[in-house]
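Could you slot chain X onto chain P? The hints should help.
There are 2 protein chains.
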Amino acid sequence: MSNRTTLRDVAKATGVSITTVSLVLNNHPTRVSEEKRELIKRKANELNYVPNQTARSLVTKRSMLLALLVPDIENLFFASLAKEIEDECSADGYSLIIANSNDSKNTERQLLQQFEARNIDGLFLIPSSESTKDSTDLRSEVAQMSCPVVLTDRLVREQWCDAAGSDNYQGGQLAARLFVEAGHTHIACISGRHDNGNAEARKAGFVDELGKNHITIDPQLDCYGAYRFDGGYQTADRILDSGATAVFCCNDLMALGFSKRAEERNLSIPEDISLIGYDNVLNSLGIASNLTTIDQDIPQLAKSCHAYMMNRIKQKASKLSPAPWLNDPQTSLLKPKMIIKGSVRTIK
Amino acid sequence: MSNRTTLRDVAKATGVSITTVSLVLNNHPTRVSEEKRELIKRKANELNYVPNQTARSLVTKRSMLLALLVPDIENLFFASLAKEIEDECSADGYSLIIANSNDSKNTERQLLQQFEARNIDGLFLIPSSESTKDSTDLRSEVAQMSCPVVLTDRLVREQWCDAAGSDNYQGGQLAARLFVEAGHTHIACISGRHDNGNAEARKAGFVDELGKNHITIDPQLDCYGAYRFDGGYQTADRILDSGATAVFCCNDLMALGFSKRAEERNLSIPEDISLIGYDNVLNSLGIASNLTTIDQDIPQLAKSCHAYMMNRIKQKASKLSPAPWLNDPQTSLLKPKMIIKGSVRTIK
Numbered sequence: 001m002s003n004r005t006t007l008r009d010v011a012k013a014t015g016v017s018i019t020t021v022s023l024v025l026n027n028h029p030t031r032v033s034e035e036k037r038e039l040i041k042r043k044a045n046e047l048n049y050v051p052n053q054t055a056r057s058l059v060t061k062r063s064m065l066l067a068l069l070v071p072d073i074e075n076l077f078f079a080s081l082a083k084e085i086e087d088e089c090s091a092d093g094y095s096l097i098i099a100n101s102n103d104s105k106n107t108e109r110q111l112l113q114q115f116e117a118r119n120i121d122g123l124f125l126i127p128s129s130e131s132t133k134d135s136t137d138l139r140s141e142v143a144q145m146s147c148p149v150v151l152t153d154r155l156v157r158e159q160w161c162d163a164a165g166s167d168n169y170q171g172g173q174l175a176a177r178l179f180v181e182a183g184h185t186h187i188a189c190i191s192g193r194h195d196n197g198n199a200e201a202r203k204a205g206f207v208d209e210l211g212k213n214h215i216t217i218d219p220q221l222d223c224y225g226a227y228r229f230d231g232g233y234q235t236a237d238r239i240l241d242s243g244a245t246a247v248f249c250c251n252d253l254m255a256l257g258f259s260k261r262a263e264e265r266n267l268s269i270p271e272d273i274s275l276i277g278y279d280n281v282l283n284s285l286g287i288a289s290n291l292t293t294i295d296q297d298i299p300q301l302a303k304s305c306h307a308y309m310m311n312r313i314k315q316k317a318s319k320l321s322p323a324p325w326l327n328d329p330q331t332s333l334l335k336p337k338m339i340i341k342g343s344v345r346t347i348k
Numbered sequence: 001m002s003n004r005t006t007l008r009d010v011a012k013a014t015g016v017s018i019t020t021v022s023l024v025l026n027n028h029p030t031r032v033s034e035e036k037r038e039l040i041k042r043k044a045n046e047l048n049y050v051p052n053q054t055a056r057s058l059v060t061k062r063s064m065l066l067a068l069l070v071p072d073i074e075n076l077f078f079a080s081l082a083k084e085i086e087d088e089c090s091a092d093g094y095s096l097i098i099a100n101s102n103d104s105k106n107t108e109r110q111l112l113q114q115f116e117a118r119n120i121d122g123l124f125l126i127p128s129s130e131s132t133k134d135s136t137d138l139r140s141e142v143a144q145m146s147c148p149v150v151l152t153d154r155l156v157r158e159q160w161c162d163a164a165g166s167d168n169y170q171g172g173q174l175a176a177r178l179f180v181e182a183g184h185t186h187i188a189c190i191s192g193r194h195d196n197g198n199a200e201a202r203k204a205g206f207v208d209e210l211g212k213n214h215i216t217i218d219p220q221l222d223c224y225g226a227y228r229f230d231g232g233y234q235t236a237d238r239i240l241d242s243g244a245t246a247v248f249c250c251n252d253l254m255a256l257g258f259s260k261r262a263e264e265r266n267l268s269i270p271e272d273i274s275l276i277g278y279d280n281v282l283n284s285l286g287i288a289s290n291l292t293t294i295d296q297d298i299p300q301l302a303k304s305c306h307a308y309m310m311n312r313i314k315q316k317a318s319k320l321s322p323a324p325w326l327n328d329p330q331t332s333l334l335k336p337k338m339i340i341k342g343s344v345r346t347i348k
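For the protein sequence lines, the chains are P and X, in the order given.
In terms of my numbering, the first sequence opens at residue 1 and continues consecutively.
In terms of my numbering, the second sequence opens at residue 1 and continues consecutively.
Pulled out of the complex, with its shape left as it was, chain P reads as follows (with noise of 0.2 Å):
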């Protein structure tokens, strides 16, 4: 570690003063002369001299810092989206500050205190699914934000907001879809969260798809399985005893569960039982690489919020209007895209 060095250290190097210093480093017109301007930013790059980018923002009133609030950047989801916002961002030259809220809206509310502080240039906001649940407090906060907010995943059909996620609902029909064409009727579903919006829009496309086929689900076999692998592992049983030919499952972590299970019994899928799951994270680690999933396309959702960010920030500075964004809202629901593979066959 070494001591930062200033304009003055520049300055006394070179015999000139900071001001000349300041001036030339920054490209700004000065009269001095062509070898002067050469030594000046010699002996910059020989000291290792570097812009103070906390006194450049107070004059340019950007931090070049955005900030991501993630509810649990364990997740595979939400670290697989950060990761992409993250390399969008640093491409631009911002950096991105990360923070967990844990799901808690307590946390999510500090937060936000903290990142206004802290005047960064924007905002990507996953919201806790106790927000999701009931949007009020977090809409009044989000409007006393200096900087420009983008809603990530979550709460993007409430349109209050800059908001760009994936069609969970339509993920849910492309699942009923392929069901329906392989000739499936008898048909099992294991949702994910009572309290997060995105689950239920999942489960009601798939629902509502079947339906359109004049199909349901028996209630013994409409599962709930909290996204996790033992939800899936737990309601295996009485799925497999059932005799129902398909399963949807509302994310892959479920679907490996219910597999784990099914193999426990010497079942094998897809010729006892068909499987879809949805979020297509655990083929980055090479688990279920045989599994049928529907993909949310992570790297053009980071690419979608990132637009809208930028976007909102040359707004601001260009100063055309005051905020006039909050009344005029741009929403992104990106297409889902299922992955086929071995998973699902087709029954007569």
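It is worth saying that the hints were derived from the structure and are not from the lab.
Where chains are identical, the list cannot tell them apart; a pair therefore holds if satisfied intra-copy or between any two copies.
With a straight-line cut-off of 27 Å between C-alpha atoms, the simulated DSS-like cross-links for lysine-lysine are:
(1) Lys12 - Lys316
(2) Lys105 - Lys133
(3) Lys341 - Lys260
(4) Lys105 - Lys43
(5) Lys61 - Lys303
(6) Lys303 - Lys316
(7) Lys12 - Lys61
(8) Lys61 - Lys314
(9) Lys41 - Lys105
(10) Lys43 - Lys12
(11) Lys41 - Lys12
(12) Lys314 - Lys303
Just chain X now, kept in the frame of chain P:
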């Protein structure tokens, strides 16, 4: 989104000077009536006034920003470590910038420069694999940083910088001892990356401890699985065909791949072969809940790194001596812990 409330706004609303507002809100002594003081605080609250951290940073020389440079936030181990470090920082009022080096030395260098420009107060640095092989460049880059750096998880034994990590050599020893105590002599090993000190240490500890007990690993059973699920899966046949009674996988993902292949061949763990993994990260997903594995105590690792950081930040603030710590780095090698589950059996 609203316009940011400034000291000026509060001054206007209360009919006093900006200086008075500043003094009152920062609890500095000033000659102003108790009534006026209350009014200023109330108005500031009503107007949602938040102190400007950027302006404050220029005065205090502290940004209250820390950074974590991570090879890949999608890696389960690093995601978990990042979460724990963020928790520690957040409890102290710091925000944490997280950036991915993608294990590349070039990206790493660029990010170090970006962090330096941002006046971060400290850096948790998990070196890239490239820098792990040869740390010469990284060493001089770190020496040029004007903030404290704590090497995290990697390069801990080199002792040129504060560092905390888990003792991987000891972890390998633990695995060997368990097999020896259970009576195994025909033993296989699937190791991780060739280019990574931690992976090599795990294997070295394992091999050395077996050696003390006069057991050597057949070169045919000395396998390499690149830390990937596929790596464990693909080397499984060779090991299962050899008649080995036990296998140590240098991470849990490879152990999972290995057991997948064993299941496909209708072989059971531990009846047909005993298995030990490393990391204890799959358990949080509910996967591989029967796997005996070595836990690196991630929360404790985060606490150690954070404690070193806070010490250095205090030391720097007290200005007792210029940057003494590079000459006397603190190092912490945490003891790994064996998590005994059902995947190892005792043989006569």
